[in-house]
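Trainee: If you read the sequences in order, they're chains A and B. Each number in this note's numbering corresponds to the 1-based position in the first sequence with 850 added. Each number in this note's numbering corresponds to the 1-based position in the second sequence with 134 added.
Careful: at least some of the hints might be erroneous.
[What the hints assert, rightly or not] In silico PhoX-like links for lysine-lysine, alpha-carbon gap of 25 Å or less:
#1 A:K909 <-> A:K923
#2 B:K176 <-> A:K895
#3 B:K173 <-> B:K184
#4 A:K923 <-> B:K237
#5 B:K241 <-> B:K179
#6 B:K184 <-> A:K863
#7 B:K176 <-> B:K237
#8 A:K909 <-> B:K241
#9 A:K909 <-> B:K237
#10 B:K176 <-> B:K241
#11 B:K173 <-> B:K241
#12 B:K173 <-> B:K237
#13 B:K237 <-> A:K895
#14 A:K927 <-> A:K909
#15 B:K184 <-> B:K241
#16 B:K237 <-> B:K179
#17 A:K927 <-> A:K895
[Said to hold, decoys possible] Take a look, some chain B residues computed to stay more than 12 Å from chain A by CB distance:
#18 A177
#19 P193
#20 S194
#21 D216
I should point out that these hints are in silico values taken from the structure, not numbers from a laboratory. Glycine included, every Cβ here is placed at the ideal spot set by N, Cα and C.
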Amino acid sequence: QVTLRESGPALVKPTQTLTLTCTFSGFSLTTSEMCVSWIRQPPGKALEWLARIDSDDSKYYTTSLMTRLTISKDTSKNQVLLTMTNMDPVDTATYYCARIAGCGSGDYYFDYWGQGTLVTVSS
Amino acid sequence: DIQMTQSPSTLSAFVGDRVTITCRASQSIIRWLAWYQQKPGKAPKLLIYKASSLESGVPSRFSGSGSGTEFTLTISSLQPDDFANYYCQQYNSFPWTFGQGTKVEIK
């Protein structure tokens with residue numbers, strides 16, 4: 851079955867760089883139909899899409915955070931990484947990774963999600 | 135960016151009620167819209183994709199409709215397990231955006 855799991859630090863200081871890892875199983879990022887995204891949700895607020903990576907290593911970012919985000923993958927480890935530079939308290943949120951199984955057909959909905967990891971930015 | 139506006143923000147209803155949530159897009163997204171259900175402390179769960187396609191395993195009391203800029207999620211007979219937050223998401227163009235959410239509460 852398909853599973854995704856996020857991991858990374860729970861606490862980050864302002865100005866530091868955050869690196870999160872999404873480890874997945876049950877599918878492969880080597881097929882054109884699959885891609886993986888990161889989404890975040892500040893406490894009590896709405897969801898915000900952050901980034902997407904495709905099997906061919908194409909990358910897409912939300913415009914407001916484009917200069918701070920980098921998404922990458924390690925297909926041998928079934929992992930997708932997200933780095934976010936210059937962290938600020940407003941970046942405190944639960945960060946989710948999610949699978950998109952319709953990348954080959956343009957159906958970019960998230961059918962499987964990880965449980966999420968809460969990242970707090972505080973000195 | 136395409137703005138997604140959900141209404142209402144909060145909805146109070148009885149078990150057995152028919153419930154409708156609306157999602158409006160600031161420009162046409164054709165039918166590239168998904169609906170998710172989220173319970174406290176949990177990840178979102180996909181309910182509907184491509185505006186009206188029911189995800190496998192989702193109860194048939196959930197349905198979606200609409201096209202262009204106006205979409206609805208309907209729960210035909212609200213069940214105790216349905217009290218949650220609901221979000222719409224457009225994937226017509228980057229950046230993909232979500233609505234602000236609708237909380238469905240017990241009346």
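Trainee: Does each hint fit the structure? Answer for all of them.
Mentor: Structure-based check of each hint:
Note on K909 (chain A) and K923 (chain A): the hinted pairing holds, with a Cα-Cα distance of about 10 Å set against a maximum of 25 Å. For the hint pairing K176 (chain B) with K895 (chain A), the CA-to-CA distance comes to about 14 Å; that is within 25 Å, so the pair holds. Simply put, K173 (chain B) and K184 (chain B) have alpha-carbon atoms about 22 Å apart, close enough for the 25 Å limit, and the pair holds. This hinted pair does not check out: K923 (chain A) and K237 (chain B) have alpha carbons roughly 35 Å apart, beyond 25 Å.
For the given pair, K241 (chain B) sits about 23 Å from K179 (chain B) by alpha-carbon distance, which is consistent with the 25 Å threshold. Between K184 (chain B) and K863 (chain A) the alpha-carbon distance is near 40 Å, which puts this suggested pair outside the 25 Å criterion. In summary, the hint linking K176 (chain B) to K237 (chain B) is supported, as the alpha carbons are separated by about 14 Å, within the 25 Å threshold. Between the alpha carbons of K909 (chain A) and K241 (chain B) the distance comes to roughly 45 Å, so the proposed pair goes past 25 Å and is violated.
For the hint linking K909 (chain A) to K237 (chain B), the alpha-carbon distance of about 33 Å lies beyond 25 Å, and the restraint is violated. As the CA atoms of K176 (chain B) and K241 (chain B) are separated by approximately 23 Å, the hinted pair is consistent with the 25 Å bound. Using a Cα cut-off of 25 Å, the hinted pair K173 (chain B) and K241 (chain B) holds, with the two alpha carbons roughly 17 Å apart. A C-alpha spacing of about 10 Å is found between K173 (chain B) and K237 (chain B), which places the hinted pair at or below 25 Å, so the restraint holds.
Pair hint K237 (chain B) plus K895 (chain A) holds up; C-alpha atoms about 12 Å apart against a cutoff of 25 Å. Restraint check: the Cα-Cα separation between K927 (chain A) and K909 (chain A) comes to about 19 Å, which is no more than 25 Å; the hinted pair holds. Taking the CA atoms of K184 (chain B) and K241 (chain B), the gap is about 31 Å. The hint is violated against a cut of 25 Å. Distance hint between K237 (chain B) and K179 (chain B) is fulfilled; the C-alpha atoms sit about 15 Å from each other, no more than 25 Å.
Distance check on the hinted pair: K927 (chain A) and K895 (chain A) sit about 32 Å apart at the alpha-carbon level, beyond 25 Å; violated. A cut-off of 12 Å between C-beta atoms contradicts the statement that A177 (chain B) is not in contact with chain A; the least separation is 4 Å. At the 12 Å boundary, the C-beta of P193 (chain B) stays outside the reach of chain A, the nearest C-beta of that chain being 17 Å off. Against chain A, the non-interface label of S194 (chain B) holds: every CB pair exceeds 12 Å, the least being about 18 Å.
Interface exclusion of D216 (chain B) from chain A stands, the closest Cβ pair being 19 Å apart, more than 12 Å.
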